[in-house]
Amino acid sequence: ADEVTLQLKWVTQAQFAGYYVAQDKGFYEEAGLDVTINPGGPDIAPPQVIAGGGADVIVDWMPSALASREKGVALVNIAQPFAKSGMMLTCLKETGVESPDDFPGRTLGVWFFGNEYPFLSWMSKLGIPTDGGEKGVTVLKQGFNVDPLLQKQADCISTMTYNEYWQVIDAGITEDQLNVFKYEDQGVATLEDGLYVLEDNLKDEAFVEKMGRFVAASMKGWQWAKENPEDAAMIVLDNDATGAQTEKHQIRMMQEIAKLLDDDGKLDEAAYQRTVDSLLSGGSDPVITKKPEGAWTHAVTDKASM
Amino acid sequence: MTDVKLDKFCLVAAIAALLALIFPLSGVDPESGKQIAFVSDIPGIAVAMALCVIAGAAFTWLGVGHIQYAAIILAVAVFGCWQAIEALYDYGIAGHAGTGFWLFILSLWAFVWRGIDVVARYRSLETAKQQSANILVPIAFGVWLLFLWEVIVAGFGVPQVLLPAPSAIGVRFVNSTDILAADFHQTFIKAVISGYVIGCGSAFIVAIAVDRVPFLKRGLLPLGNMVSALPIIGVAPIMVMWFGFDWQSKAAVIVIMTFFPMLVNTVTGLNAAGALEKDLMATYASGYWSTLFRLRLPAAMPFVFNALKINSTLALIGAIVAEFFGTPIVGMGFRISTEVGRMNVDMVWAEIALAALAGTAFYGAVAYVERKATSWHPSFRVRRH
Amino acid sequence: MTSNAATMNGAIGGESLWSRLMSGQAGPVTVVLIALFVIWYIGAVFMNAPTQIDRYNRAGETWTTTRLIEDTLAQERPILPAPHQVAQEMYKTIFATAITSKRSLVYHTWVTLSSTLLGFVIGTALGILLAVGIVHVITLEKSLMPWVISSQTIPILAIAPMIVVVLGAIGLKGLVPKAIISTYLCFFPVTISMVKGLRSPQVIQLDLMWTYNASKWQTFWALRLPSAMPYLFASLKVAIAISLVGAIVGELPTGAQAGLGARLLAGSYYGQTIQIWSALLTAAFVAAIMVVLVGWCERRVLARMGVRG
Amino acid sequence: MPASADAVVDIQKLSLTFQTADGPVYALSDVDLKIERGEFVSFIGPSGCGKTTLLRVIADLEKATGGDISINGVSPQEARENRAYGYVFQAPALLPWRSIERNVTLPLEIMEIPREERIKRGHEALKLVELNGFEKKFPWQLSGGMQQRASIARALSFDADLLLMDEPFGALDEIVRDHLNEQLLKLWARTNKTVAFVTHSIPEAVYLSTKIVVMSPRPGRIIDVIKTDFPKDRGLDIRETPEFLEVAHRVRKGLRAGHSYDE
Amino acid sequence: MPASADAVVDIQKLSLTFQTADGPVYALSDVDLKIERGEFVSFIGPSGCGKTTLLRVIADLEKATGGDISINGVSPQEARENRAYGYVFQAPALLPWRSIERNVTLPLEIMEIPREERIKRGHEALKLVELNGFEKKFPWQLSGGMQQRASIARALSFDADLLLMDEPFGALDEIVRDHLNEQLLKLWARTNKTVAFVTHSIPEAVYLSTKIVVMSPRPGRIIDVIKTDFPKDRGLDIRETPEFLEVAHRVRKGLRAGHSYDE
Ligand SMILES: Nc1ncnc2c1ncn2[C@@H]1O[C@H](COP(=O)(O)OP(=O)(O)OP(=O)(O)O)[C@@H](O)[C@H]1O
Ligand SMILES: Nc1ncnc2c1ncn2[C@@H]1O[C@H](COP(=O)(O)OP(=O)(O)OP(=O)(O)O)[C@@H](O)[C@H]1O
Ligand SMILES: Cc1ncc(C[n+]2csc(CCO)c2C)c(N)n1
Ligand SMILES: [Mg+2]
Ligand SMILES: [Mg+2]
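Residue numbers (the working numbering), protein chains in the order written: chain A, 1 to 306; chain B, 1 to 385; chain C, 1 to 309; chain D, 1 to 263; chain E, 1 to 263.
Each hint can be trusted.
Listing some non-contacts, in silico: residues in chain A with all C-beta distances to chain B over 12 Å:
(1) ALA1
(2) THR95
(3) ASN179
(4) GLU209
(5) HIS249
(6) ASP277
Here chain D is said to cover these stretches of chain B; the calculated rule only asks that three of the stretch's residues, wherever they fall, bring their Cβ under 8 Å from a Cβ of chain D:
(7) 278-285
(8) 370-377
Worth flagging that the hints you see were computed from the coordinates, not collected in a lab.
In this text, a Cβ means the ideal position worked out from N, Cα and C, and glycines have one as well.
All chains should be modelled from the sequences, with the hints used to inform the complete structure.
Printed below as a string of structure tokens:
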């Protein structure tokens, strides 16, 4: 069988259920693939891993992937299983943040490590500086969890619809005590978990064909996960080496993830365009400086749907 | 001794340089299938190699007895290094270096080692000369290491996102002084200094208290050893949870890290005074405080400084690591973790270089004060053998 | 020393049971431990109270102090978990779970321990080797020593993720990268101490070997190495603890793999403070046990060398 | 038992046992001794017989396990707290971080004597042992003999009436030793101090003392007390007199009895 | 200059200057000395005059800065490499982690002599200094004097023809010292070894030597060389003879000339 190494963006959780299901249910095997799934972590940069030859294909967010491309790691999007963004800013109502107009003067929690691009684009679109001045917002590098909100160190924090949001809820705060600003709703959504490979490899026909099979099998996994969220969550739990994840949380995450999924994993050109525009519009400090060329291809998904 | 002793290092240098002239300088260009460059294409490196052969052969016979000879050898090596860099970047060898090139580097290595060796053995009664020799040796060695790093990264074409060349790091360092300054201020001036002072200071006072109360000494110290084994990495998120995002939580981590080395060392030091000296103080009916200040604290100084030195390296590391767990968007640890994610690995290394510089300077400062304050200690006297 | 007893007007007096209990080490340690627990409980109440009160307010409940105290000590995600919560969690994950399970702390401890030990062994060997070089080759002493010190000012913990990635790129995965980080951290105290130790023979002892025309090698085995033993063991105690830190740090970026570091991370990620604290305490216990083991070896070796006491 | 009015040191049935892991070590047993004001008493005996221990008991550095001892009519502890004696240890015991001058004036500093006075007395003491000119040097810059002299100066600096000296001249060469012996004798003759002096050298003991106490090996007992009656201002030349040789002979005999060589 | 056929040590115009940060220290200057096979030469002189330094030059522990020196006709380095001498230091310098036996056999171990042979010769040497029975003890279990005896046994164990001894008996009490002096003389008379011996004690020097070298203070020079002609098998009693006292007097005079006390 052909060997494929997949580098995830984050730790083993239902966010990556499709790949684990495809592995567990033998979809990869059927496609003649021997797939190794490497979980990520807070300080693993998938582009760095693939550049160093530690993976064949990675899961990454498009802003980060395009920024890396400008830095010389020629990443190409070969499939986009997530059609929608799950990112949002979650605020405590009691702090009085009702709309983006209330942001100036506030303290906001943001993920960095390449995940800050959507936020920075949004702020520059709103024209709010992020330097901590009077008219701007004070930005905190948010750690792994939602403590900054619970302990009122920040007025708002970044959350994913499928993960951190529910941790806030679990901590005893009810939905009606929160104001949430989804990037989708604000019109600043950027594409999230996509599959990326190195441009050079795509020159090799056999590789494209192999990726075709990989994407097809992965999408089959996603389809299965969408239909069987509970079982998918259990498969994820089986693969979690820390033994720290909980069933309740993973099932709920799987259900939320299902809402973001695309059917065939083919990159939507309009969504790509919207992401690129958003990233280019950063005023004096845009995330990317020029329109990327060849940053995506349908060659693989076309093969996959054959 | 009548038989001539051959200088092995120079011999290696000469032979390696000779072979370098023969072997291909670079690999084959994958697209055109042709050699990228021969020695004959690059006059500079050819001259350098020839010089190495000549100098190597000459000094193999002469031996490198004098410091002047070492200067000649080092000069040849510097010229060779310069030509190697030129060949890499101006003649496109970067990423395709071949056997010949590496043999040349080996030759240079032998020269540099021999040169440094001679300088290291240099003895002069004039303090100024001796001191400059003492400083030159580690610097020359460090510069050589940087050169090796540069050549290996460029020669093998290591991707920038994995490991940038020192030259790229240097450029980034110079171009980002404002960011580096802001980060330094946040991490070092605010967090490290305050954490270090509070941690070491409180441990010193507690040590004196513990020493006064034997009960605490027996009860607290064994536990202290356990706490010092606590991985800071686990403590850091808790401190961020307790003391917030700003520098205070980093200072708290530093306090925890530095407290026990200082405590344990000071307590040991307070017991370092010899029995005879203690008896002496007893014959004067010297009181507790008098004995503490006149005998036990001075005797404890070497131990206290030992802890201060250990802590000077621990403190900076602690602050940087703590910044991984939440911080305002400034600081050395913040920058390191953020810029990796942005593939700005040269910036990461610029911060690391800054950390190493600051840490070494900090350590050096403490060591300097130690030398002044405990100049009476035998370890600072000239060794006989 | 008897002379101290005389000068410190020792309160020998009546040997009560209490004073005999407290004159050893176990008694005082227990008392301090109990005091620590009390402080811990009080701390837990105070640190957890604000969120608890917040929760009452949000739910519109009324509360009494007793209820508040009870609740602060039984939160699911406390800021500071109470000792008994940590103890329960540790009992559950250490004794009540099969050690093959991923939920067993024993399993994770073993994962961490294996790279700790590997790193410790390599680091110690490297440290001794460097020290031997530095002591015997003046060029190494002058050129390498300053860089050995500078090397420790590089925040290795901060670049651990990059190391893991870079090593992964050349095919080193799992145990080895973690062990390498441990090695980097623990070679330093060994080198520093061993340089000191190998230089600790007195001039007169070195002269003695010189009069016998002993080779460097003979002098090393007969004189330098035995003199360095106490220094070696002192540094090994530091090195083993620091090696554990290295292994844990190495586990963080590899993310959701196994090990105490991964437990810490996962606990941190999901705000499960109880899990963090139990992983943390386990790590501290493991470190303490290893230090005690090194101390035991030290006593045996030194006893064989005829050291007094 | 009331101490005799003029006895500086009054020891009765003193014994001392060290409790060690290997069992008890009987260092002193049944020692009776009286030292009058103005006496110069030497202690001589084989190595390990308890000379140092006896001196340490007098100085309150060790507690006797049996018997009675009084110094100037009070307990050793009180005597120590009154700074009744100066002690010269077998080793110099100088503090390496203090210059010679500051080492010598250390006891004065502890007794809170004003600075000027301290420096004056320090100078005098250093002059006595011929170390003037070395005030600002540090101990490691002096030879072993010079260090020992500095430690003697330190004991002299605060002018206690009782001097306890434990082999103070052991590390010195014969000439310097002779010289310091003379100096010490002069000082003693001038000031009427009481001196308790441990030595290994028979001629030294005989030359210096008014009373020589010969001790037996462990457990240390007194086997002979020899009174001499040389004048207070004796010169080195008395060492050639028959009386001197006779006393020396008696000391040697006592000593030899303690050793196992019966040649 | 060809060394005389039977000279074990031949020193001509030897000088040694230490270069220190404070400027040069002239330790030895213009020393001429010849030691014949079978001689027992004592060095005596004030502290710091260069006795130890001279012995160290002979042992190749220090390099002369001027003049010529040969040991058995070769350079000190070659002599050392031939293991031509045994050296007894001023301090015992025993290795604390080795039992007495293994300390004494250390030089044999380094010379790669087989185990059985080593143990045999170690026993003999220990017997000579009367330490049999203490083979398995560690140094700290022995008194200072016993340690010094062990270090002498160590130097004897490999039976070198030349013995260099630097105040070997300085730390011992008079009785033990007398005893060891006798033993050393016996050994020397029996084996025809050559001995160079540093001491501070005039009677010891006179009693032991065939030749006494008196040295002046820094820069160390030889100011007197005194030959004695007591029989090889002299007893302790010769110390009372007029010849003995005469030689002792001459030595004392020479020594005193080197000191500044002109009383
Ligand atoms: N603290 C102690 N614990 C146990 N035994 C001790 C202690 N101090 C001294 N001794 C023992 O008591 C005996 C007397 O020792 P002391 O030091 O008084 O001898 P000394 O006569 O001064 O000998 P030296 O002439 O060698 O100085 C010795 O056998 C010694 O081993
Ligand atoms: N390595 C050295 N560097 C500088 N000076 C030295 C060194 N070794 C010895 N000296 C000096 O050389 C002189 C002679 O010293 P040496 O040790 O030979 O004296 P000594 O006659 O053996 O004295 P003692 O009787 O005290 O042992 C001394 O003044 C000493 O300070
Ligand atoms: C330090 C830190 N950096 C980034 C993220 C963000 N992140 C990486 S993958 C992912 C998907 C959902 O969990 C998210 C949000 C985080 N949580 N913590
Ligand atoms: Mg004594
Ligand atoms: Mg000497």
